Amino acid sequence: MLDELIKIREEALSKLQEVENENDLSELTVAFLGRNGALTAILRTMSKLAPEERAKLGKEANEVKQHLTEKFEQVRSQIAKRAEEFKIRQETIDVTLPGVVDVPAGKLSPLTVVYREIRDALIGLGFTTFEGPEVEYDDYNFTKLNLPLNHPARDMQDTFYINDKVLLRTHTSPCEARALMTLKPPFRVVIPGRVFRVDEPDASHSPVFMQMEGLVVDRNLTIADLKGTIDTFVKAVFGENVKSRLRPSYFPFTEPSAEVDISCTICGGVGCSSCKGTGWMEIMGCGITNPHEIENCGLDPNEWRAFAFGVGVDRVACLKYGINDIRLLYEGDARFLRQL
Amino acid sequence: MKLPLKWLKDFVEFNVTPEEFANRMLLRGFEVAEIIPEMKATGVYVCTIEKIEQHPNAERLRVCAVDIGREEPVTIVTNATNVYEGCQVPVALDGAVLADGMEIHPTKMRGVQSVGMFCGGAELGITDAEYEGASNDSVLILNEKHVNGQPIADALDLNEVIFDIELTPNRPDCQSIIGICREAASALGQRMKEPEIKEIKGEGNAEDYAKVTVLNPTLCPRYLARVVTDLKIEPSPRWMQLRLKLAGLRPINNIVDITNYVLLEYGHPMHAFDLACIEDAHIVVRNAREGEVVTTLDGKERTMSADMLLIADPHKGVGIAGVMGGLNSEITGDTKVTLFESAVFLPENIRHTTRKLRHSTDSSARFTKGVEAVNAEKAINRAIELVDMLGAGKVIGSMINVTAKEPAEKTAVADIAHINEILHTELSGERMAELLSGINIDAEVNGDKLVVKVPHFRTDIEDGIETDWDIAEEVGRLYGYDNIEPTLMVGKTFQGRLGESFALEDKIKDYMASMGFMELYNYNFTSPQEYDLLLLPEDDEKRQTVRLRNPFGEDQSLMRTTLIGGMLRTVQLNCNRKTGHSRFFEVGNVHFNNNDDLPEERRMLGAVCFGTGESFFTLKGVLEQLFGSLGITGVRYERGGGEYLHPGQKAVILVDGESIGEIGCVHPQVKKGFDLPVSPFIAEIDFNKLIAKANAERKFKPLPKFPIVPRDIAIIVDSEVESQTVIDVISAVKTKALIENVYCFDVFYPKVPGEKGIPAGKKSMAFRFELRNDDHTLNDEEIGQAVKAILKSLKFRLDADLRS
Numbered sequence: 001m002l003d004e005l006i007k008i009r010e011e012a013l014s015k016l017q018e019v020e021n022e023n024d025l026s027e028l029t030v031a032f033l034g035r036n037g038a039l040t041a042i043l044r045t046m047s048k049l050a051p052e053e054r055a056k057l058g059k060e061a062n063e064v065k066q067h068l069t070e071k072f073e074q075v076r077s078q079i080a081k082r083a084e085e086f087k088i089r090q091e092t093i094d095v096t097l098p099g100v101v102d103v104p105a106g107k108l109s110p111l112t113v114v115y116r117e118i119r120d121a122l123i124g125l126g127f128t129t130f131e132g133p134e135v136e137y138d139d140y141n142f143t144k145l146n147l148p149l150n151h152p153a154r155d156m157q158d159t160f161y162i163n164d165k166v167l168l169r170t171h172t173s174p175c176e177a178r179a180l181m182t183l184k185p186p187f188r189v190v191i192p193g194r195v196f197r198v199d200e201p202d203a204s205h206s207p208v209f210m211q212m213e214g215l216v217v218d219r220n221l222t223i224a225d226l227k228g229t230i231d232t233f234v235k236a237v238f239g240e241n242v243k244s245r246l247r248p249s250y251f252p253f254t255e256p257s258a259e260v261d262i263s264c265t266i267c268g269g270v271g272c273s274s275c276k277g278t279g280w281m282e283i284m285g286c287g288i289t290n291p292h293e294i295e296n297c298g299l300d301p302n303e304w305r306a307f308a309f310g311v312g313v314d315r316v317a318c319l320k321y322g323i324n325d326i327r328l329l330y331e332g333d334a335r336f337l338r339q340l
Numbered sequence: 001m002k003l004p005l006k007w008l009k010d011f012v013e014f015n016v017t018p019e020e021f022a023n024r025m026l027l028r029g030f031e032v033a034e035i036i037p038e039m040k041a042t043g044v045y046v047c048t049i050e051k052i053e054q055h056p057n058a059e060r061l062r063v064c065a066v067d068i069g070r071e072e073p074v075t076i077v078t079n080a081t082n083v084y085e086g087c088q089v090p091v092a093l094d095g096a097v098l099a100d101g102m103e104i105h106p107t108k109m110r111g112v113q114s115v116g117m118f119c120g121g122a123e124l125g126i127t128d129a130e131y132e133g134a135s136n137d138s139v140l141i142l143n144e145k146h147v148n149g150q151p152i153a154d155a156l157d158l159n160e161v162i163f164d165i166e167l168t169p170n171r172p173d174c175q176s177i178i179g180i181c182r183e184a185a186s187a188l189g190q191r192m193k194e195p196e197i198k199e200i201k202g203e204g205n206a207e208d209y210a211k212v213t214v215l216n217p218t219l220c221p222r223y224l225a226r227v228v229t230d231l232k233i234e235p236s237p238r239w240m241q242l243r244l245k246l247a248g249l250r251p252i253n254n255i256v257d258i259t260n261y262v263l264l265e266y267g268h269p270m271h272a273f274d275l276a277c278i279e280d281a282h283i284v285v286r287n288a289r290e291g292e293v294v295t296t297l298d299g300k301e302r303t304m305s306a307d308m309l310l311i312a313d314p315h316k317g318v319g320i321a322g323v324m325g326g327l328n329s330e331i332t333g334d335t336k337v338t339l340f341e342s343a344v345f346l347p348e349n350i351r352h353t354t355r356k357l358r359h360s361t362d363s364s365a366r367f368t369k370g371v372e373a374v375n376a377e378k379a380i381n382r383a384i385e386l387v388d389m390l391g392a393g394k395v396i397g398s399m400i401n402v403t404a405k406e407p408a409e410k411t412a413v414a415d416i417a418h419i420n421e422i423l424h425t426e427l428s429g430e431r432m433a434e435l436l437s438g439i440n441i442d443a444e445v446n447g448d449k450l451v452v453k454v455p456h457f458r459t460d461i462e463d464g465i466e467t468d469w470d471i472a473e474e475v476g477r478l479y480g481y482d483n484i485e486p487t488l489m490v491g492k493t494f495q496g497r498l499g500e501s502f503a504l505e506d507k508i509k510d511y512m513a514s515m516g517f518m519e520l521y522n523y524n525f526t527s528p529q530e531y532d533l534l535l536l537p538e539d540d541e542k543r544q545t546v547r548l549r550n551p552f553g554e555d556q557s558l559m560r561t562t563l564i565g566g567m568l569r570t571v572q573l574n575c576n577r578k579t580g581h582s583r584f585f586e587v588g589n590v591h592f593n594n595n596d597d598l599p600e601e602r603r604m605l606g607a608v609c610f611g612t613g614e615s616f617f618t619l620k621g622v623l624e625q626l627f628g629s630l631g632i633t634g635v636r637y638e639r640g641g642g643e644y645l646h647p648g649q650k651a652v653i654l655v656d657g658e659s660i661g662e663i664g665c666v667h668p669q670v671k672k673g674f675d676l677p678v679s680p681f682i683a684e685i686d687f688n689k690l691i692a693k694a695n696a697e698r699k700f701k702p703l704p705k706f707p708i709v710p711r712d713i714a715i716i717v718d719s720e721v722e723s724q725t726v727i728d729v730i731s732a733v734k735t736k737a738l739i740e741n742v743y744c745f746d747v748f749y750p751k752v753p754g755e756k757g758i759p760a761g762k763k764s765m766a767f768r769f770e771l772r773n774d775d776h777t778l779n780d781e782e783i784g785q786a787v788k789a790i791l792k793s794l795k796f797r798l799d800a801d802l803r804s
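Protein chains in written order, with my numbering: chain Z, 1 to 340; chain E, 1 to 804.
Restraint ranges, calculated between C-beta atoms of paired labels, are given here:
1. Z:L97 x E:K578: 22 to 30 Å
2. Z:L183 x E:L535: 40 to 48 Å
3. Z:D164 x E:N741: 57 to 65 Å
4. E:N159 x Z:C267: 26 to 34 Å
5. Z:P148 x E:R577: 42 to 50 Å
6. Z:D164 x E:N159: 51 to 59 Å
7. E:N23 x Z:Q339: 30 to 38 Å
8. Z:S273 x E:K578: 32 to 40 Å
9. E:G580 x Z:Y321: 18 to 26 Å
10. Z:P98 x E:R711: 39 to 47 Å
If you are wondering where the hints come from, they were derived from the structure by calculation, not from laboratory data.
From a predicted model like this one, the values you see are computed outputs, not experimental measurements.
All residues carry an ideal CB built from backbone N, CA and C; glycine is no exception.
Given these sequences and hints, build the entire structure.
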């Protein structure tokens with residue numbers, strides 16, 4: 001009987017060697033350890049034995065059962081591990097294949113991106129957003145800004161007219177008049193928006209473009225403050241290494257007036273074809289607000305001083321992204337938008 | 001404004017490079033747009049033709065051995081017939097660029113290698129004005145001896161440059177050589193000496209020869225005239241011709257050239273009349289008669305209107321004031337007596353006239369920007385000086401002077417401290433005066449004031465409210481903005497703020513981009529035809545457009561009232577170019593003509609998607625999530641919307657019963673009209689209404705205390721019944737249980753009648769809803785009653801049956 005027990009054990013262990021999968025193992029478990037299995041069968045016959053022998057054999061049998069159970073369990077876990085490894089191998093993918101999304105990649109226009117950069121830089125300097133209509137009174141667009149009818153500087157901006165009194169604003173400056181007339185000084189506003197000029201579209205002109213204007217009204221502003229503000233803003237938008245300078249110019253609504261040049265963003269200021277070898281690029285106009293404008297808008301120019309600056313968002317976008325044709329900004333070609 | 005360096009040197013000592021000069025001018029507010037060489041052609045040298053032989057293979061070509069200053073002669077093949085052995089000519093060698101941009105390289109001509117090409121005036125870009133003989137249509141034979149191999153520009157003394165300077169409208173005085181030289185001198189650290197004009201007294205009295213009457217002194221505040229008799233009309237001397245040429249004018253004859261020379265030098269336009277053609281020798285300055293026709297010097301007939309100023313004699317017009325002289329009184333070879341006119345006309349009137357006639361000239365450009373009375377007198381005296389210098393005729397004594405108000409000296413008083421405040425400087429009054437003196441403005445310190453004697457030519461400096469700013473501008477630019485240290489603003493601190501609507505616009509744009517939409521900025525202009533293409537009825541609100549008075553063309557004559565046309569053109573462009581993208585959006589303004597002064601401006605959000613995988617519902621899904629993210633609830637979609645949408649696939653979007661926009665598939669005819677290969681789905685939403693709804697406050701409601709019981713039902717209803725109708729019916733049922741969050745999760749249309757037990761004309765819809773109660777956990781009975789009540793109501797209102 002004992003021999004038989006050992007034989008069963010050996011047979012089971014030998015068969016266990018050949019087990020390949022969960023199924024084989026289950027069959028083997030049933031065959032040896034199951035209710036009708038070989039070991040159970042032996043145990044059943046034990047009742048016929050003498051008590052002493054039964055106890056001995058029972059102990060042996062239990063040991064065999066326990067041994068087999070452990071071995072079976074070992075194999076089971078090996079099989080499970082192998083199966084899991086196999087599954088993982090099966091599920092292994094080429095992680096370098098392109099990702100999949102169910103929405104295509106959307107994009108904000110570079111105009112929006114640049115507009116926000118400029119705007120947020122100014123908000124950081126204490127400016128608040130302000131806006132006004134695109135179709136505007138001639139009075140606000142020109143007259144209040146020290147550009148009375150027949151002023152030669154009106155020719156600087158070719159204007160789309162609706163009628164004698166109403167036009168498409170040629171700059172965001174009419175909002176200066178609106179701000180001066182409605183807000184309580186001191187204040188700082190940033191004014192974004194579309195503006196319009198009678199310029200046939202070409203690589204560097206668009207009849208519709210986007211401008212941003214900053215206006216600061218306070219008691220003791222100086223041209224040095226204007227320089228400092230512009231310098232901070234230029235660094236925020238173009239980078240810490242970019243320098244700016246003011247260069248005398250003329251705008252009817254400011255005096256003194258200046259153009260703002262920044263050190264060339266392409267060559268860093270040494271001179272290249274983009275900056276015509278000068279190392280500088282013109283990006284915006286600015287100045288101390290003309291006292292006539294302050295007065296026309298109902299404030300006392302000897303009490304309140306103001307400065308203003310206006311930047312072409314399109315121009316900055318073209319500079320920043322190296323866009324060589326402004327029309328691309330208004331065409332809606334996905335291949336263009338995708339790049340930026 | 002063209003400033004030839006040669007001319008500049010008459011007034012200042014030029015001691016820097018042209019580039020340095022340009023930079024200094026730039027930093028004073030005068031941008032040099034271009035530095036133009038006097039001689040455009042490069043790579044052209046002096047050579048002597050040593051030997052000329054017939055070309056072996058070509059009858060019309062000749063082979064020349066040419067000395068270009070090297071050891072060995074070179075070979076040039078030419079077809080020129082005027083060259084001869086021993087003559088000196090210009091030769092363009094390898095790499096030369098001619099005036100017309102043509103590049104020269106060695107080439108084989110009928111088997112003989114030629115290293116370059118002989119040049120005539122045309123190739124060099126010069127005429128007789130620059131060098132005698134240059135206007136001939138042949139190779140230029142040099143008439144003086146030069147060194148072979150010398151650059152031709154040096155040999156012809158055309159090796160200097162011309163500065164093309166951009167002027168700002170506040171400096172009309174700089175539209176003249178003298179004016180710009182004042183600034184140039186200061187830029188070079190000098191002060192220009194104002195030129196003295198030799199007074200030519202002449203004989204006799206001009207008033208015996210001519211008479212001037214000004215009938216409208218407002219439009220013509222000053223009219224000066226001088227008379228010259230015994231004219232000898234001939235070409236002007238070469239030095240004068242050359243200067244005119246360099247400054248961009250064409251020499252004509254001595255008298256016309258004198259007026260043009262003075263125009264350039266002093267910036268004051270003049271005119272010379274043939275006095276014999278002026279009836280009664282009487283100039284009358286008057287408004288034109290409506291429809292009066294004048295033939296101008298260029299031979300064109302110009303029809304005048306009554307608001308234009310005419311120079312006339314008692315019977316006819318002889319010139320358009322400030323614009324152009326008349327052909328009938330032109331200086332010709334036979335002119336014996338001339339009347340020089342030097343007048344001041346009102347700028348706005350000349351501006352108006354040029355615009356109305358669509359004709360502007362060098363003269364009108366200067367009048368439009370503003371001329372002044374003192375300069376008018378200097379100009380005419382200078383012209384007479386030149387007549388005398390050139391011996392062009394006999395100057396008659398005295399000047400005819402019709403002046404409404406003699407020019408007075410102007411003084412402006414500026415506050416020194418105020419100027420320093422504006423500029424953030426600490427300059428003394430004396431230092432300021434010194435700076436101003438550099439541009440020929442004299443000023444004196446008087447206590448804390450700077451008393452500025454405003455020179456006649458500085459019409460931009462005001463004596464009044466603007467004075468301090470005017471003077472600050474001059475002092476600032478002369479002192480140099482670079483010398484002003486930047487500061488940060490002090491005083492009240494501000495909290496910068498992004499306005500609410502700006503913040504929401506950011507959010508909405510970011511959301512649309514995250515959903516795969518690319519952002520558009522379409523032009524605001526559109527064509528009237530677009531509204532026909534969009535099938536809009538005559539009385540549609542979108543036809544209440546604002547029309548531009550001066551559009552580029554009819555197709556861009558209206559301000560858009562919808563973003564849809566632009567979006568459809570974007571679809572067309574992207575399909576045509578196969579860009580592979582099919583979702584776009586725009587946030588932009590549209591304008592409606594509401595008969596107020598200013599049109600109604602509405603900001604719109606437009607979205608479009610098309611192609612595989614897109615449907616009404618994908619776009620609707622995008623909007624639903626957008627509304628959700630903005631906290632907008634209670635959005636309903638009702639069948640309806642514009643004519644441009646597919647009648648079976650369109651809806652208006654309602655929030656709290658108010659329409660905020662539309663969504664749908666474009667109408668098949670619109671698709672055709674816009675030539676689209678696909679049927680896009682579009683939505684257009686009133687941006688301000690959208691953000692107004694988004695502003696609704698959100699408040700926390702306690703979470704339900706008792707369990708929620710979800711229930712599904714499937715019903716069979718008429719196939720026309722919309723899910724919203726069913727939802728409304730279910731939601732309206734009153735039971736002990738609250739019925740919430742009803743939505744449709746499945747619709748089934750039988751493909752053949754009777755499929756899955758659904759008869760013809762019917763469909764199956766499945767709804768899910770939640771039942772709960774605020775006070776207690778619902779029991780089975782209450783749940784059963786609620787479902788029963790729902791089914792009863794559905795049967796009663798919609799004849800809906802439970803699908804078994």
